Amino acid sequence: GAVVSQHPSRVICKSGTSVKIECRSLDFQATTMFWYRQFPKQSLMLMATSNEGSKATYEQGVEKDKFLINHASLTLSTLTVTSAHPEDSSFYICSARDRRRVYNEQFFGPGTRLTVL
Amino acid sequence: GENVEQHPSTLSVQEGDSAVIKCTYSDSASNYFPWYKQELGKRPQLIIDIRSNVGEKKDQRIAVTLNKTAKHFSLHITETQPEDSAVYFCAASTGGFKTIFGAGTRLFVKA
Chain A
3 GAVVSQHPSR VICKSGTSVK IECRSLDFQA TTMFWYRQFP KQSLMLMATS NEGSKATYEQ
63 GVEKDKFLIN HASLTLSTLT VTSAHPEDSS FYICSARDRR RVYNEQFFGP GTRLTVL
Chain B
775 GENVEQHPST LSVQEGDSAV IKCTYSDSAS NYFPWYKQEL GKRPQLIIDI RSNVGEKKDQ
835 RIAVTLNKTA KHFSLHITET QPEDSAVYFC AASTGGFKTI FGAGTRLFVK A
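If you read the protein sequences in the order shown, they are chains A and B. Quick note, our numbering runs 2 ahead of the 1-based positions in the first sequence. Quick note, our numbering runs 774 ahead of the 1-based positions in the second sequence.
If you're looking for bench data, these hints aren't it; they were derived computationally from the structure. Honestly, I wouldn't trust all of these hints.
Result set (EDC-like, lysine to aspartate or glutamate): computed pairs, CA atoms no more than 20 angstroms apart in a straight line [claimed, not checked]: (1) K816(B) to E107(A); (2) K816(B) to D858(B); (3) K811(B) to E857(B); (4) K872(B) to E789(B); (5) K811(B) to E24(A); (6) K872(B) to E107(A); (7) K872(B) to D90(A); (8) K832(B) to D858(B); (9) K872(B) to D100(A); (10) K872(B) to D858(B); (11) K816(B) to E24(A).
Far from chain A by the CB rule (all over 10 angstroms, computed), these chain B residues [unchecked claim]: (12) E830; (13) H846; (14) V883.
Quick caveat: nothing in here was measured; it's all calculated off a predicted structure. Ideal Cβ positions, reconstructed from N, Cα and C, are used throughout, including at glycine.
Pulled out of the complex, with its shape left as it was, chain B reads as follows:
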């Protein structure tokens, strides 16, 4: 069945450094790849997304890249800040609107 793998499960960086989270997906029909940030006890918040006809997208300190051939997509956070500490989920969605989530990455940004 469909599957999304996410690495690493935990990531600790120093404030100001960059953080990279990687995901792979199995369903070649996937055409939409959102990233969510979830703080403890709160709802997942969409922080950036990318569609299958685009290779890269950037929004201030956050960027996402997509390699459709390899079925890889990645989240890049530059100049990390303590408030970036949270759990980040990647996801892949097909035209049937079913979304499969990765297992999550717990990001710690040390001040």
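Looking at chain A on its own, in the form it has when it is part of the complex:
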């Protein structure tokens, strides 16, 4: 149980294009999902908290118009990197919180490696 999938696992795109990343909880419902960014040999940086049916909450310094988040159902959240530039290249990981659990146990997706040329 508590499986989270993420798609695509790897994407290479040209500068100026937009990229959509999907995060799905496969065997549980997640009212809350989280999007993280991870640079090589560094920790997980929370970008935003995605709440089902409402607007995402972005961390300080994260541009909401640049990183569009949609959480339209209890099992799916999407992150769209708009007008991507080389500095957006990174490892993006989502996690999902099982709504049945009292504490904030998060289960992570496998991550998406984005390379912007």
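Start from chain A and add chain B according to the hints.
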């Protein structure tokens, strides 16, 4: 703001020895403290967690301790094996479900 400090950043031990990683947190409202193991290029995997109403928890070779007064928590791995080599992250979470991660500890277990 909230902060989690983790030490050491790198830890090298001989196979069979113990490894200890320490974290401190700043937000006294934190009530949940998970530990994650991340292998290169893979997702973080939850290996053990502890809640604020518990002082210690053990699962086979892994144990975690929590000192709420000092805002310290630690991960202890006994009888280390080469497959324990990875990056370990501590984290602290409040009832608002926001989780703050430590910077990570790169553990090397030498055979």
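Evaluated hints:
no., hint, verdict
1, K816(B) to E107(A), "18 angstroms, holds"
2, K816(B) to D858(B), "14 angstroms, holds"
3, K811(B) to E857(B), "11 angstroms, holds"
4, K872(B) to E789(B), "36 angstroms, violated"
5, K811(B) to E24(A), "23 angstroms, violated"
6, K872(B) to E107(A), "11 angstroms, holds"
7, K872(B) to D90(A), "23 angstroms, violated"
8, K832(B) to D858(B), "16 angstroms, holds"
9, K872(B) to D100(A), "14 angstroms, holds"
10, K872(B) to D858(B), "28 angstroms, violated"
11, K816(B) to E24(A), "17 angstroms, holds"
12, E830, "17 angstroms, holds"
13, H846, "19 angstroms, holds"
14, V883, "18 angstroms, holds"
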